[in-house]
Structure formats: structure tokens, C-alpha cells
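Q: Top line first, the protein sequences correspond to chains A and B. Residue numbers 1 to 287, in the numbering used here, belong to the letters of the first sequence in order. Residue numbers 1 to 287, in the numbering used here, belong to the letters of the second sequence in order.
It should be emphasised that the hints constitute simulated quantities derived from the structure, not laboratory data. Just so it is clear, CB atoms sit at the ideal spot from N, CA and C, and this is done for glycine as well. Mixed in with the good hints there might be a few duds.
Unchecked claim - Beta-carbon label-pair distances, calculated as ranges: (1) B/ASP275 / A/PHE170: 31 to 41 Å; (2) B/ALA26 / A/SER11: 53 to 63 Å; (3) A/ASP100 / B/GLU190: 46 to 56 Å; (4) B/ASP222 / A/GLY31: 23 to 33 Å; (5) A/GLN131 / B/GLN232: 34 to 44 Å; (6) A/GLN131 / B/ALA26: 51 to 61 Å; (7) B/GLU64 / A/ASP33: 51 to 61 Å; (8) A/GLY43 / B/ALA28: 52 to 62 Å; (9) B/ASP275 / A/GLU99: 37 to 47 Å; (10) B/ALA46 / A/GLU229: 24 to 34 Å; (11) A/GLN121 / B/ALA28: 56 to 66 Å.
2 protein chains.
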Amino acid sequence: MTSSNVLQTRSEHLCHGGRVGFYSHASAALGLDARFAVFVPPGATAARPAPVVHVLAGLTCTEETFFIKAHALAEAARLGVALVATDTSPRGAHVPGEEDSWDFGIGAGFYLDATQEPWSQHYRMGSYIAQELPALTEQLFPLDGTRRGIMGHSMGGHGALVHALRAPDFWKSVSAFAPIVHPSVVPWGEKAFTGYLGPDRQTWRAQDAVCLLEDGYRHPTDILIDQGEADQFLERELKPDLLEEAAQKAGQALRIRRHAGYDHSYWFVQSFAADHIRHHAAVLGGV
Amino acid sequence: MTSSNVLQTRSEHLCHGGRVGFYSHASAALGLDARFAVFVPPGATAARPAPVVHVLAGLTCTEETFFIKAHALAEAARLGVALVATDTSPRGAHVPGEEDSWDFGIGAGFYLDATQEPWSQHYRMGSYIAQELPALTEQLFPLDGTRRGIMGHSMGGHGALVHALRAPDFWKSVSAFAPIVHPSVVPWGEKAFTGYLGPDRQTWRAQDAVCLLEDGYRHPTDILIDQGEADQFLERELKPDLLEEAAQKAGQALRIRRHAGYDHSYWFVQSFAADHIRHHAAVLGGV
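If we strip away everything but chain A, and leave its shape as in the complex, we get:
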């Protein structure tokens, strides 16, 4: 078992020759206890650390969801890629109303730092993802912080795109499943950004992948996106065409693969997850 005075190990399991573990710690960024999961592939050691891909889940999910449902660990083990999974919001902030909606508050942190009271004290998943969680996991596990990628599903696809575009030297590879690409103009995003960031839409642009491309942010690699064409949220919330248009104008390399018949679920995600691991390994290498 991994032991540390900053980490509680909830469980660890051998899996595909590597080790999957579930942990909690006192997060400085969130001011609360936080949970995360790590998969260390076979062969990774402190002397020979693995490249690492952070995975961000969608609305209502937890740090367990991607590891259990995305079926990515076999390919990550085969290629020698580590995975780190975060929770989707702070837990235990006790902000009034945080449990009232499935698309705002608990389970819906949108991977940003809230600026509006009463959310701004604890709803700081932006800093948690961008700084605290990579630093903590790279200190305690055999992960190579010079080879770090990010991917996500739905709200987590939004998070992956935004964080990679804003810090392309930090996140060297990026991909997404059915991401929210332009939250400023869709109901999920407008609700969350109004609550977390306030009514001034100018402040939303730094949390919106399409706006970041419009504002000059680029990622040096090809961005891979898979999107099901039978996704129940495609037209209302996801709108991948808007990202494709913005990328074309910006000269950003982007490959959106549209899949007839696939929906928004992890049955879709698992069908293409191995491709995403290979996409990241092509940039980051393996153990």
C-alpha cells in the first residue's frame, strides 16, 4: 500500500499488471478533503517514471467513474501510461443549494475557480487540476511530470480542452469524448458560469475552448475528439461544429471523429478509449 502522511489510501488493487488505487487527502486548493485515483502501469519506478494522463469525468461523476467505466486501463498498462482521475467538484463545502441541481454545485465543478460568493471559497477545481493534483501525484507516485497529458468526457472534455489550451507546455497532449466545447453559449455552461463566475461574460472566455481559440490560445499537437452522433446532448450542449470552425480559423490541428449511432454514455466512451490512450502515448511515449 502506498503510505504517506499527506495521503489516505482507501484501496489499492493489482490490475492488468499495474496498480490502481483510490486515495484521499486534505486539499489546500479546495480547503476540503478530496479524493482521486491513480493507475500506475507495470514497470514504472521512481527511476523510470511513466508518462501520465489526467482524466476528467462529466457531470454527476466521481474519481471512480472513468476508471470503472471507460475500460482504458488495459491499453494504458500495455503502453506504459499512468492515469490520474480527479473528482468532479469539491465535496463537503456545504454551500446552500449545492445539492439542488445535477448540473451545478456538487458533481459539477466545471474544473474552474469560482470567483463569486458563496462558491469562491471551496469551488476551486481549476487550481486543483492545474497545480495541486499534478504536484501531489508526481511527488508520491512514479509519474513523469515532463510527459503529462489530459483528457475528459463531457464536462470533463471541456476541462481538458480549456486546461490544455491555457497551458500547452504543462499538458503536452489532449483529447476529449463528447466535450462541451463552447460553454458560454449552451445551457449547462451558462448556468454554471453565471453561478461560479458572475454575469460578466468577458470573464467566461478564459473557461471556454472556442473563446480561447478565438483569443489566440493554441495547442501544438493534434487535438483528438470522439463524438457520438446519437448523443442526446449533441445539439443543445455540445456543438462540436463550433469548435471545428474556431480551430479552422485559428489554424489549430483538430480531429473530430463522428460516430453514427453512439450516445453520450460510457458505452460510447469505452468503445474508443483505447484509441485515446494510443493518441496520448504517441505524444508522451510509455514507461
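Model the placement of chain B on the given structure of chain A, informed by the hints.
A: Frame of chain A; chain B shown alone:
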């Protein structure tokens, strides 16, 4: 969506080019509504049906567990094998005490027909697995009833071994993860068999893989079993050595693979699930 006057479709999803679906129906064997899941691989049609492997989950699980956590669908799609997953007990029988234990009653049907009141009216998973569910699914889905296998985990491994040994012409291939091999002599089995079958241990023998081998039952194929050596239930409940000894005496082909460091969880199951799909496909073929 699959529609039928005997079936309610709860959800269907495209997955790995095939279709995974969750259904409910009024079960005659159980006298209650029952849920099950089906994965139909790509290319299966009424004219060209797929071989099918029934998967039986362990204590506390449902018809969803194996499909979500075992990560077997990719290989099943690749090899053209269908999967059918059952629930682990009747639901809604309202037998007094059925919710009191996690290892008896709800979630713990042991894939047998209870003979003791008050369990005998509804706790009839034996008949459900052996007759009703194969007949129903082979009527409504493109499954080839002449090429049918069975596998399971823990309590479901017990169910797979017992059903295959008792009906080797019906279940043409068999495998298990961490099965209960000799329930008559371990706490889980003694509790369940006493409750469902009564105190006469002679009546237990037909529900016990080791006893069946002692009593002359055989399966014509090699039985594949994977067992983690760090399984927390290995010594108390599982005891694979007892099956190995009985198989040697009986001349039953059996291959137990022992894996250092692996525990009882689906993190173990997913690590070897593709091997089991290949084991069944080697006997049953593909679409």
C-alpha cells in the same frame, strides 16, 4: 430499440460496434419481474446468430455489474460472441429477512431453486438460468442456442460450474473467476444451502461443483478458472485446491491459473476477462 410484448427495454446503447441492452420481463420461473442484460456483437443477425456466453455475477451484484466492470465487451465484439447477464437473485419477493444479509437473500440467490419455505416460491434462479432466460433471449435476440457457454465470478463462478457440469450438452463451454467450488463446506455456502435447501446435506450435492465431480458429473471441455492469490476470500470461501483434487480424481480437464497479488475484485476480473472470452470462442466460434 428491441420491442416485444414480453420485454421492457430499459436502455440500449451502441458499444464496440455491437449493442448492449438492459431489459426487464415478467419471469414465470421467479413469479416476479426480472432484469437482464444482453450484448449482441456486430454482424449478428437472425440468419447468422452469435454464440452466446451467459455471465453470472457474485454476491450483492446485479445484471449490470459484469457488463460495466468486467471489461469483456471489446473482446466479445472482436470475436463475435454475445453475452447475457442475469441478476443475482429475485427482487421484490418480500420474504421476511431477505434484506438482512449481504450473503443470503437479495443479491445472493446462488443460482439454485430453493426447496424450503418461505424461499421456495420465488427464489428459483436455478430454473431461471437453466431454462427461462436462455429460451427467452434466444427467441428475441440473434443468439445461437446450439453454441452456448457459461461463466461467472465468485458466487457466479459456483453457478457456472454447477450448471455446466449438470448440463454439459446445454452449456458447451465453461469458465470462472474466483469461484466458490465447494459451497457445502464453506460459510457462504452452508448459510445459503441451509436456508434455501434445508439441513439435509445430501440435497446440497447437486448444487456443489466438487460433489458433482465426485458423483460422476463431467464436462467434455477444459474448464478455465482464474484465481487471485491475494483474494481475501481464498482460504475461507473459495478453496480452489478442493476442485483441483476432485477434478484430478475424476479425470476432469481443468486449468486453474493462480495470479500472485490479485484480489477478489473486478479489477482482477477485468485483467483476465478477454482470456475468458477467447476460451469460450475457441469452443463456440464466433458470429
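Q: Confirm or reject each hint.
A: Hints, one by one, checked against the model:
Look at B/ASP275 against A/PHE170: about 39 Å separates their beta carbons, and that is inside 31 to 41 Å. Distance hint for B/ALA26 and A/SER11: a CB-CB separation of about 39 Å, inconsistent with the stated range 53 to 63 Å. Checking the proposed 46 to 56 Å range against A/ASP100 and B/GLU190 shows it holds: the Cβ atoms sit about 48 Å from each other. A C-beta distance of roughly 57 Å is found between B/ASP222 and A/GLY31, which places it outside the suggested range of 23 to 33 Å.
Here the CB-CB span from A/GLN131 to B/GLN232 is close to 37 Å, well matched to the stated 34 to 44 Å. Distance hint for A/GLN131 and B/ALA26: a CB-CB separation of about 55 Å, consistent with the stated range 51 to 61 Å. Between B/GLU64 and A/ASP33 the beta carbon distance is about 29 Å. The supplied range of 51 to 61 Å is therefore violated. Between A/GLY43 and B/ALA28 the C-beta distance comes to about 53 Å, which sits within the given range of 52 to 62 Å.
Taking the beta carbon of each, B/ASP275 and A/GLU99 are about 43 Å apart, inside 37 to 47 Å as hinted. Checked against the given bound of 24 to 34 Å, the beta carbons of B/ALA46 and A/GLU229, roughly 26 Å apart, stay inside it. Range check, A/GLN121 to B/ALA28: about 58 Å between beta-carbon atoms, so the 56 to 66 Å window is met.
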